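Colleague: Spelled out from the first residue to the last, the chains are:
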Amino acid sequence: MFKFFSACRKESLILIRDMAGLIILFVMPMIMVVILALVQEQGWSSLTKDPSIPVLLVDEDHDTLGAKIQEGLRSSNIFKVYTSLDGINLTREVAKEEIAKGAYNIAVIIPKGSTKIIRHKVQVMVTQIVSGIMMPVDNPFLDIQSNDSINIAVYFDPGIKGTFKYAFMASMKEYSMFIESSMIFDSFNSELKKMFPQYQPPKSDYRETVYFSEIFPAGKDENAVPSTTQHNVPAWALFAMFFIVIPMTGSMIKEREEGSMVRIYTMPVSYLTIFMAKVSVYTMVCIIQFILMVLAGRFVLPLAKIPPLTIGSNYFGILLMMIASSLAALGFAIAVGTIARTHQQAAAFGVVSVVVFTALGGLWVPVYLMPEVMRTIATWSPLNWAHVGFIDLFLRQATLVDILPPLAKLLAFFVVMISIALFYRRINSPLNS
Amino acid sequence: MSDKVIIEIRELVKVYKGSEEPAIKGISLDIFQGEIFGLLGPNGAGKTTTISILCGLFRATKGSARIDGMDIHSNLNEIKKIIGVVPQDVALYPTLTAWENLTFFGNMYGLKGASLKQKIAEGMAVFGLEKHADKKIANCSGGIKRRINLIAGLLHDPKVIFLDEPTVGIDVQSRVVILEYLKELNQKGTTVIYTSHYMEEAERLCTRVAIIDRGRVISMGNPHELVAEHPEFKDLENIFLHLTGKDLRD
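Note that the protein sequences, when read in sequence, are chains A and B.
Per the working numbering, the first sequence runs over residues 1 to 433.
Per the working numbering, the second sequence runs over residues 1001 to 1250.
Among the hints, erroneous ones may be present.
As the list claims (entries may be wrong) - Taking beta-carbon pairs under 10 Å as the criterion, some of the chain A residues facing chain B (in silico):
#, residue
1, Ile14
2, Arg92
3, Lys96
4, Pro111
5, Ser270
Think of the hints as simulated: they come from the structure by calculation, not from any bench.
Since the model is a prediction, treat every value here as computed from it, not as a measurement.
The beta carbon of each residue, even a glycine, is placed where N, CA and C say it ideally should be.
Sequences and hints are given; from them, build the entire structure.
Modeller: What follows is the structure in C-alpha cells.
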C-alpha cells in the first residue's frame, strides 16, 4: 500500500511544483464560472430588474392603444422605450432605417386610427349584444359588420433570436388583448348608462382576473424562485471538471515521453498502483475545483448582486456526486491519455469531445428544448447525469436513493473508460510490440 | 566470478510488430554470476532489444531466457525484484528533486524509512552529489542527471544490473566515477550487464564481451583473450571493426 501512497506523493509534488498548471487547474475554472454565470444571469435578470433592451416606438395613433402599449412596454421593466431620437419624434422611416443599420433591435409602429378601429369594433359588438337584450327579435343592429383590423408592424433586427421574438410578440398581443377588454368594459358601461340613466358605472377600472405565480414544489420554500445561478454554476463547474482531460493526459503522455514510465515498467510495482495513485490525486483536484466553483457561486456571485447558489442540505450526497463526477471525468481522461500518442492528439480530441458532451448534456441548451432525437442522445452524456444529480441535490432536496441512478451511471462510465484504457494498453503494450 | 549461470538465454528471437526483419535472430548465451558482461555492437545490432527482453520491457517472439533460474515470462514480477535497470535515456521526473526522485523509485522497489534514506545518502556520496540532493532534475547538468539515473537503478542492491550505455554524453570525470563504482559493485558479487559503443571502456571493464551484429552474436569471450586470438588487430576496437565492418549503420 505504501507504494500507492508514494506514487500519490509523487503525483502531488509534480502538481504542486507546476504553479502555472495549478492556476489553470483552480483559478481559471473559478473565473470561468463567475464570468459565464454573470453573463447569463445578467442577461436574463435584466429582463426583470433593469430595463435595458431598447425599443423604438412610433405612435402614429396618438390615442389609447399607443399610450397603453407604451405604458405596457415601460411597466414590463424589460424594455427601454424611445419615442424620439436626438429630440426628434420618431417616424416609421427613421425607425425602419435604425433597425436596418443595426443601431436598435426592435421597433413597433402603431398605425394611425388604431384606437378608433378598436373602439368602433367594440361599440358595434356591444351595441349588438345590448340591443339583442332589448330587442331579441328583429334586431336591426345584427346586420352591422365591422371587419376592420389593425396591423401593428414590428421590425426586428435579423440577429434577434427566435425565442426572444416569440416572447416579445406574445407580450404585445397580451397588451392589445388587455386594451380591447378594457374598451369592452367601458363600452358596456356607457351603453348601460344610456339604457338605464340611473345606472352608476363602477369607479374601478377593468382589472385582470387571472394571474400566474411561479411555484417550486420540490424546494423547501415553494415561493423561492431559483435563479439561473442554480443551473449555471453546477453546469459550468462540471464543464471545467471534465477539462481535467488536458492536464491528466498531459501528465500521462509526459511520463511516457520522459522515460520514467519505462523505468517503472521494470520495477516490482503494478501498473494499476501507479494508475490508481494518479486517479486519486486528480480526483482530489477535481473535488477541490468543484468546491472552489461552488464557493464562487455562493460568495463571489452575490458581490455582483446575483442571488447566491443554494446547495441544499444533503452534503454527503453532494460529496458522493462530486467523487462520481470526478471519476467519470478522470476515466475519460485516462482513456484519451492511453490512446493518444501525442499531446496534440489528446488536447484536440479531449477539448472537442468535452464540448460535445457538454452541448449534448443540456448544459448550454436545456434538454427539454432539444428535438426528441437529441433528448435521447442527451441521456447518454455523463455531464447530463452529473448535472441532473447536482440539480436534484441542490434544488429538489434529493436523498441518496434519489441520486443513485446518476451516481451509478457515472461510476459505470468510469469503469467502462478504465476498461477501454486497460484493454488498449494490453493490446498495445511495449511487451507486445 | 562464480560458475553459476545467472542469465541463460536460448535461441532468443524478437520481431517487432510491423517489421519483417527480426531485431534479434536466435541469440544464445550464458552469463555467470559476478561477471561484468559487455554487449557490444553497432547501432541497431540488437543490444537494447536483448536487454529490454531480459528486464521485461518487451516479450520475446521465440526462445527463452532465465534469470537466477526464473523464466522471464512466467516469473517476471519476481525477476523485477532482483534486477536493476539503468535506461539509456535519463528516466527521472524533471520537476522533482534528486532526493525526491530517488525516494520514489526506492519506494517502488519496496524500500522505505531510514534504510532507504541511508541508501540514497550513500549513493549520492559515492557520486559526489550531496549538494545536489535538493536540486530539481530539470536544473541539473547532463552528468549529474546520468549519475542520479544510475543510483535510481541500484538502490535495492540488485543481484543483476542492466546498464544501457550509461556513460553516453558525459564528461571523463563522471565516466571514471561511474565505471569505478560498477567495478566496486561487481567486487561485491553483483552481475553487471552493460552495453556500450566505447570499446576501450569495455576492454578495461568487462570480464567477457559479446559482439552482436544484425541480431546475432558474432563473437564472445574475454576481451583480452579476443585481442590475443587476433594478433593482427591491436585492440578490441579493431577486432570490432573487422567483425562488423565499416559500413555506416542506421
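Colleague: For the restraint on A/Ile14, tell me whether the closest CB of chain B is nearer than 10 Å.
Modeller: This interface hint holds because 6 Å falls under the 10 Å limit.
Colleague: Restraint: A/Lys96 near chain B, CB-CB cut 10 Å. Satisfied or not?
Modeller: 64 Å, violated
Colleague: Grab the minimum C-beta distance from A/Pro111 to chain B and call the hint holds if it beats 10 Å, violated otherwise.
Modeller: 73 Å, violated
Colleague: When the nearest CB of chain B is found for A/Ser270, is that gap smaller than 10 Å?
Modeller: At about 8 Å, which falls below the 10 Å cut-off, the nearest Cβ of chain B leaves the hint on A/Ser270 intact, so it holds.
Colleague: Against chain B, is A/Arg92 within 10 Å by beta-carbon distance?
Modeller: 69 Å, violated
Hint check: violations occur at hints 2, 3, 4; the rest are consistent with the structure.
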